[in-house]
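Please model the complete structure; the sequences and the hints are all you need to start from.
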Amino acid sequence: MANVLTKDQLVARLQSNESKADLDLKGIHLPKASLQGARLVGLDFTGASFAGADLSEADLTDANLSGVDLTGARLSQAVLHRTKFHKTQLKGANLDGADLKSAELDGTAAEGVQLAQARAPGIVCKGASFRGARIEGTDFAGADFEQCDFSGASLGRSTLSDAVFKGCRFNDASVAESQGKGASFVSCDFHGVQLERGEYANSHWRECGFAQCVANGTAFPKGRFFACDFSGARLAACNFDEAAFEGVKFERANLQGSSMRCACLEGAVATEVNLTAVHAQGASFYDATMEKAVLSGADLSFSNLSGVNLRGADLSGANLTGAEVRGAFLQGAQGVKANLAQADLSWSDLRGVQLSQLEGSAPVASGAEFTGAVLKHCRLPGIVLSGSDLSKASIEDCDLSQGKADQVDLRGAQLLRVDLRQTSLSGVNAEGANLTQVMSDSPLGGVSGGGLPYSAHHSQQAAQHPVTPTMPMAANPPPAPAPAKSNIWRGPPPVTGPLWLSLLFGPGVLMGVYALMERPLLPEPLKTQVFAIALLASAVFLLLSWFWSAGAYAGERARGGPSGALSTFFAVSVISIIGIAASTAGLIYWRVMMQ
1 MANVLTKDQL VARLQSNESK ADLDLKGIHL PKASLQGARL VGLDFTGASF
51 AGADLSEADL TDANLSGVDL TGARLSQAVL HRTKFHKTQL KGANLDGADL
101 KSAELDGTAA EGVQLAQARA PGIVCKGASF RGARIEGTDF AGADFEQCDF
151 SGASLGRSTL SDAVFKGCRF NDASVAESQG KGASFVSCDF HGVQLERGEY
201 ANSHWRECGF AQCVANGTAF PKGRFFACDF SGARLAACNF DEAAFEGVKF
251 ERANLQGSSM RCACLEGAVA TEVNLTAVHA QGASFYDATM EKAVLSGADL
301 SFSNLSGVNL RGADLSGANL TGAEVRGAFL QGAQGVKANL AQADLSWSDL
351 RGVQLSQLEG SAPVASGAEF TGAVLKHCRL PGIVLSGSDL SKASIEDCDL
401 SQGKADQVDL RGAQLLRVDL RQTSLSGVNA EGANLTQVMS DSPLGGVSGG
451 GLPYSAHHSQ QAAQHPVTPT MPMAANPPPA PAPAKSNIWR GPPPVTGPLW
501 LSLLFGPGVL MGVYALMERP LLPEPLKTQV FAIALLASAV FLLLSWFWSA
551 GAYAGERARG GPSGALSTFF AVSVISIIGI AASTAGLIYW RVMMQ
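If you count by our numbering, then the sequence shown holds residues 1 to 595, one letter each, in order.
Treat the hints as calculated values from the structure; they're not laboratory data.
As the structure is a prediction and not an experimental result, all values here were calculated from the model.
The C-beta atom is built at its ideal place from N, Cα and C for all residues, glycine as well.
Heads up, none of these hints are tricks.
Now the in silico label distances, taken between C-beta atoms and shown as ranges:
id, residue 1, residue 2, range
1, Ser34, Arg252, 53 to 59 Å
2, Gly107, Gly42, 19 to 25 Å
3, Ala227, Lys26, 45 to 51 Å
4, Gly247, Ser19, 56 to 62 Å
5, Asp8, Glu207, 51 to 57 Å
Below you can see the structure in the form of structure tokens.
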């Protein structure tokens, strides 16, 4: 029939509401034809040519446009539900506002296509090329893209929620302000992509490259990243809260001001990364490589930095309150005004670090390596340095009082105006050290309490010109208070609580045993049940009190412990043993009486 009808007749027939089932439309040639609003549902146009044709607002639902030439055609507002575009030519075509729900594009050439404000949920594209296309504000929710090329395309403000992209290229494309919640990207290339101010919560990214990508202000909360490369990417002010990174690279990336709360970056390679002012509370950087990283002003409180390589890093103004930094490598690191309150740097390597104006109470650095380190104007009361190596270190104007420094190596160290009052200093090796104006309560490597100079020269100078040590916390520090005496009845509830409670329940156990012996007090069935339960409950409680006290004592001992912790532990142990023995005797007696 197509061979009989003229072009104008065929166009008129296609525009009509008549049935077109008898038409053979394969391979027809209708360039620049006007088919606006035509109803072409379910028709097979395989191999046809509609180059430059007007198909705007046409209904091509379930139509087959495989191999069709639609170069420069207008399909704006067209209905293309489940339409097949296998190896179709769509170069320069206009599909603005079109509805491509569940359409299929296999090997389609759509370079420079206009697909703005279109609806394409569930669309399936394999091997399609959208290079330089304008696809702004389009809905691709639940779409499936495989081996597609979006290089240089504009996908700004598009919806990519729950969409899947495999092996796609987005080189130099713009995907700014797009929504990709729950989207999945596998082996995709985002080199030079504009990914700013997007929303990708709960998204998944595997083996993707983000080199030179710009994603400032984009949110990836609870995102999952596996073997991705963010080297050189600009990720300032991004949201990575609770995100998980495995085998990821951040070399020379810029994450300034980003939020990474409770994120997991274990084993990440982040050499020279910029983490200035990041919010990474509770994050885990375990075993990561962060050489020469910039962490100035970063909030790393309660984060895990154990085993991290921070050689040459800048920690100025960083907040490390409660952070776990055990076994980390910080050689050559520097930091000004960092907060180390309750941070744990045990067994870390801090050789040659440059740290000044540090603050924070009770940090732990047991067994740490401080050889050649420089610490100036630091206020770290309660610090634990037991077993640390501070040989050849330079410590000036620092408050290290009320801490523990047993078995510390100070050989060749320079300590100038350091407060070590109420600090345990047993077994310190200060051979060749210069301990000028060190304040301590006990002899330290040949220096008596009160802070007399170490060397003979300084001793002579001090005798002639007494100097009042100046500390960063006060011009004239008050005299050290006398050590508190041990008192097992006072102290924080975590330590003394078990003692009082065990004393309260101990007599109760004994009264229960006595009551069992006085048979007339209660009816036999009720009496046996009540006191059997009471005895068992008392025994269990006493055991719990003992474990509580043991745990409290162990914890306080690790942190330096309040006075009386050991005595409290033994007191609770004795009371618990007596109470449990009484409970056992009572139960045995009760069993004998019942027989």
